[in-house]
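Novice: As they're listed, the protein sequences go chains D and L. The end of the first sequence is residue 332 by the numbering used here, with every number in the run present. The end of the second sequence is residue 75 by the numbering used here, with every number in the run present.
By construction, these hints were calculated from the structure, which means they are not laboratory data. Ideal Cβ placement from N, Cα and C applies to all residues, glycine included. A portion of the hints provided could be inaccurate.
[Stated by the list, open to error] Across the chosen pairs, the derived CB separations fall in these ranges:
1. D:Val6 x L:Met42: 28 to 36 Å
2. D:Arg323 x L:Met42: 37 to 45 Å
3. L:Lys43 x D:Thr142: 53 to 61 Å
4. L:Lys44 x D:Ala255: 23 to 31 Å
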Amino acid sequence: MIDLTVIWACIIGFAIIAYVVMDGFDLGIGILFPFFKAGKDRDTAMNSIAPVWDGYETWLVMGVSGLLAAFPLAYAIILPALYAPMIAMLLGLVFRGVAFEFRWRDPAHQAFWDKAFTFGSIVATFAQGVALGALLQGISVTGRAYSGGWWEWLSPFSLLTGFGLLIGYALLGACWLNWKTEGGLQRQAVTYAGRLGIGLLVMITIISLGTLTLEAKYQERWLSFPSIIATAQVPLATLVVTFMFYRSLTHKKDAQPFMWALALFGLCLVGLGVSIWPDIIPARLTIWEAAAPHRSQVFMLVGAVIMIPIILAYTAWSYWVFRGKVGAEGYH
Amino acid sequence: VLRTVDSASPLDAPAVAVSLMAFVVVYFAIFGMGIWYIIRLMKKPPEAHEKQLDDAPIRSSGITPAMAVLEGSSS
Chain D
1 MIDLTVIWAC IIGFAIIAYV VMDGFDLGIG ILFPFFKAGK DRDTAMNSIA PVWDGYETWL
61 VMGVSGLLAA FPLAYAIILP ALYAPMIAML LGLVFRGVAF EFRWRDPAHQ AFWDKAFTFG
121 SIVATFAQGV ALGALLQGIS VTGRAYSGGW WEWLSPFSLL TGFGLLIGYA LLGACWLNWK
181 TEGGLQRQAV TYAGRLGIGL LVMITIISLG TLTLEAKYQE RWLSFPSIIA TAQVPLATLV
241 VTFMFYRSLT HKKDAQPFMW ALALFGLCLV GLGVSIWPDI IPARLTIWEA AAPHRSQVFM
301 LVGAVIMIPI ILAYTAWSYW VFRGKVGAEG YH
Chain L
1 VLRTVDSASP LDAPAVAVSL MAFVVVYFAI FGMGIWYIIR LMKKPPEAHE KQLDDAPIRS
61 SGITPAMAVL EGSSS
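Only chain D is shown next, with the shape it has when bound in the complex (with noise of 0.2 Å):
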């Protein structure tokens, strides 16, 4: 018989990934909003989102939902144990909304709501990144709740993967726009892209070896014979996807990067299922023991597979729709 549980599991795990897809960019370009000069140049990165940004919210709800339903045990540790930074990512995430209106309809004011759009953006980044890194670096558990403190989520490692994250955003926002820009533009983009690629795989690197040092079965699952064999195909792979990234750069190509960038984050989201899987919450608890009665698997499964297709389709239409470059003014 097929385990719902895994399959839920997998559910979340897309949902992240289509997270991770549809929202980095454009907060990558909040982050990097500031560098751009004031004007034309902006309104046209903004414009390069505009139509698709807000695409995000259906599986950031998907992913916290699917987890109260399909994991209620890790719901209700994780959110309590990461309550700080979940909050402080949903104000920021209010900010560079309403930053998307009030910027055009107010003119007299632009200034300030570029500095809300950027500040939102950098507020939601770092604590996704704060999230991750709390994640696992291990949660306090006692019986079947939630029992560290306020702060137990703010350590070095959870800063480093918040300013990781920052870094890793920017440099999709920096490969969307030599994707949908033109001119000096995208000449910006470029180099933003060429610096934060090297960026990225520095703090790659880095997180990557903090994590080993964090709990012994990491380790074990990463460096004992013969497991390395497989494991090391995952840094070797990142090694030539930032080869291709490169490449494909420095031949002028329009969407590649924007590719190559998106690997690079889907094989750190496999160097985390490396370390994690099947738990769901590190070393604390897994997957099965979070997971919710067979029953309401199966009931939520029978929407899931309904309104997954969907969205898929209406999300890639909303992209086609706005392929191309973008100027900084009309419709297309």
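Given chain D's structure and the hints, the job is docking chain L onto it.
Specialist: Positioned in the frame of chain D, the structure of chain L alone reads:
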């Protein structure tokens, strides 16, 4: 039966209070700015030969007609 007290999360009350206050402050600030903006628009008296709406497309979704909005609201 699950009593409310048994299903409460282990979060301390001050933590929940702080986040609630943060949301109240942010929402009041943002909606306040929106209302202030609307009142400012209403203060502007109507003029003769005002632009037709057709000249400045109303934003529906997606890409904002930036230039039209900027020109339309040069107050």
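Novice: Work down the list of hints and note, for each, if the structure agrees.
Specialist: Each hint tested on the structure:
{"no.": "1", "hint": "D:Val6 x L:Met42: 28 to 36 Å", "result": "violated, 58 Å"}
{"no.": "2", "hint": "D:Arg323 x L:Met42: 37 to 45 Å", "result": "holds, 40 Å"}
{"no.": "3", "hint": "L:Lys43 x D:Thr142: 53 to 61 Å", "result": "holds, 59 Å"}
{"no.": "4", "hint": "L:Lys44 x D:Ala255: 23 to 31 Å", "result": "violated, 45 Å"}
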